[in-house]
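> Listed in order, the protein sequences are those of chains A and B. Numbering-wise (the numbering used here), the first sequence opens with residue 6 and increments by one. Numbering-wise (the numbering used here), the second sequence opens with residue 6 and increments by one.
Hints are computed from structural coordinates only; laboratory data are not their basis. Please read all numbers here as calculations on a predicted model, not as lab measurements. A hint or two may mislead.
Copies of one chain are not kept apart here, so a pair can be met inside one copy or by any two copies together.
[Stated by the list, open to error] Derived lysine to any residue pairs resembling SDA-like cross-links, with alpha carbons at most 20 Å apart:
1. 167 - 136
2. 29 - 102
3. 22 - 34
4. 22 - 33
Number of protein chains: 2
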Amino acid sequence: MLGSLPSFARLVAELGKLPGIGGKTATRLAFHLLRRPQEDVEALAAALIAMKQNLSFCRRCFNISEGEYCCICLNTSRDESCLCVVQEPQDLIAIERSHGYRGRYHVLHGALSPLDGIGPEDLKIPQLLARLKNEEIVEVVVATSFTVEGEATALYLARLLKETGLRVTRPAHGIPMGSDLEYIDSATVQLAIDSRREL
Amino acid sequence: MLGSLPSFARLVAELGKLPGIGGKTATRLAFHLLRRPQEDVEALAAALIAMKQNLSFCRRCFNISEGEYCCICLNTSRDESCLCVVQEPQDLIAIERSHGYRGRYHVLHGALSPLDGIGPEDLKIPQLLARLKNEEIVEVVVATSFTVEGEATALYLARLLKETGLRVTRPAHGIPMGSDLEYIDSATVQLAIDSRREL
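Isolated chain A, as found in the complex:
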């Protein structure tokens, strides 16, 4: 049946390329779009094209940006002496959402992963070192993910940056807010107890 509907089959195939969207979901989405008014479908197509045309990465920190520099690099009220290193723009957004940080960022666009052949040159690490030389930075917060690759990247950066005499920090491990000790993995509980603070 779908063989005689090339436009429909093509849309299903294109939607099926999106992550987490299989054949059944793609067909369901295509049927939904078929029933929507033409304007709605055109709005989605236009949003796709506009995003691709307007968005690029900040020249300084590699955050996503609609201009040459991102809104954080352009914001003169941010603390220029503190630089937070993250893996992906998503991580930057998560930190911004917390309102817990007022410095600048540097987005690596990945983590070290020797098994996948990803070394320092494949990330924005050379650009980070150049910034540390040219900008007046006092502290680097290494906020790469708390996964094997993220921890390895953090260790690599810590060793590299120690030579520069900068203060190198990492967000604390511990029990997340509002959680039950019962349901937290033992490694986290152990780290939280090791780093216990005076009340």
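With the hints as your guide, set chain B onto chain A.
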């Protein structure tokens, strides 16, 4: 942060309008598309536009079609005396996939639902009655869904069509192939036992 990225925020908003895609999934999809080459994103946008431009509904049976009439209505080797009534084009595709039916179809585009104000005039029921008058149909297979609305629609059609002297049938209820009796709901088991056949 996203406030300073209108193109990105707009794409997230448009993706979030799709059924089953919430804010987090929409953001994840937008980040995925941001990393894809421009051609891939343009291919998706073009597929959306092409689907909307090329697809419409068959003039006779209201199946989705790229021309005036759908491929099933145009296929002269199909049995013209048998008409299968379904709720949605998806149901038609499911029946075609089974290769169990060689007749024609009629797509109602919904089911009766008095609570939602959906009556016979809101479905393709007048068009169905016109076809029964003008075409040489002997049997109508009412294959609306086995839900409350689908069953109500089937009953309504059965009553309406009985007067025309046509043979009106409905696909059998029973235990699905390859399933364990243990996990089938009792209503289905009861119906399957009531409709038991000689071996």
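> None of the hints should be skipped; say for each whether it holds.
Status of each hint after checking the structure:
1. In the homo-oligomer, the alpha carbons of residue 167 and residue 136 lie at most 20 Å apart inside one protomer (15 Å), although the nearest pairing across protomers, at 82 Å, exceeds that limit.
2. Taking CA atoms no more than 20 Å apart as the test, residue 29 paired with residue 102 passes between copies only; the shortest distance there is 14 Å, against 34 Å inside one copy.
3. Taking CA atoms no more than 20 Å apart as the test, residue 22 paired with residue 34 passes in both settings, with 13 Å inside one copy and 11 Å between copies.
4. Taking the shortest Cα distances, residue 22 and residue 33 sit within 20 Å of each other both inside one copy (14 Å) and across copies (14 Å).
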